Amino acid sequence: GENVEQHPSTLSVQEGDSAVIKCTYSDSASNYFPWYKQELGKGPQLIIDIRSNVGEKKDQRIAVTLNKTAKHFSLHITETQPEDSAVYFCAASNTGNQFYFGTGTSLTVIP
Amino acid sequence: DTAVSQTPKYLVTQMGNDKSIKCEQNLGHDTMYWYKQDSKKFLKIMFSYNNKELIINETVPNRFSPKSPDKAHLNLHINSLELGDSAVYFCASSLAGTGTETQYFGPGTRLLVL
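Line by line, the protein sequences are chains R and W.
Per this note's numbering: the first sequence = residues 1 to 111.
Per this note's numbering: the second sequence = residues 1 to 114.
No lab work stands behind these hints: they were computed from the structure.
All figures in this text were calculated on a predicted structure; none of them were measured in a lab.
Take every hint as true, because none was put in to throw you off.
Partial list, derived from the structure: chain R residues whose beta carbon lies under 10 Å from chain W:
| # | residue |
| --- | --- |
| 1 | Q38 |
| 2 | Q45 |
| 3 | L46 |
| 4 | R51 |
| 5 | F89 |
| 6 | T95 |
| 7 | G96 |
| 8 | Q98 |
| 9 | Y100 |
| 10 | F101 |
Using N, Cα and C, we set each Cβ at its ideal position, and we do this for glycine too.
Could you put the whole structure together from the sequences, leaning on the hints where they help?
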């Protein structure tokens, strides 16, 4: 099965700085890579995703990059704000209808 | 309106008891899921289910069983609860269950087994 590793497990940044979270996956058949944000006491919510035929995708302050050859993908958050503080999960999936989640990154944005 | 809802939000019970968690989605999705999130925040799939197929993660004890009265509901029954079952359980749904589409999560049920 798929194995997704995520780093770092915790990340603290000053407000306005950038944050980068990295994930690697093992199954070359994986072709869908979503990122979820989980706020305290809530369920995970999709913030951005990327498919294997795309190398980069951006949505306002959030961007995701994918390197299929190296089997890694990253989440980039620019101009961080306190409300970005949450746990972020990467995931990898293929048409087998199962998501394999990373172990999560707890991001703290310090005002 | 809440897209994916779960009840109860909190559940405290004794070891050995049997309990159920309910999940409903009003998105018209075909596939629903149950995840377990442990104390280290690790999210692990337990089941995925649509009206055709139930896929069970082989590591899930058979004390756990999903039951779907209709397409909009997937309830989780847990028999003979153990201390290690304490966790947050999330229900989720997706349109067709292809594995390459957004999954929408409920707010979670926090289960504590004493």
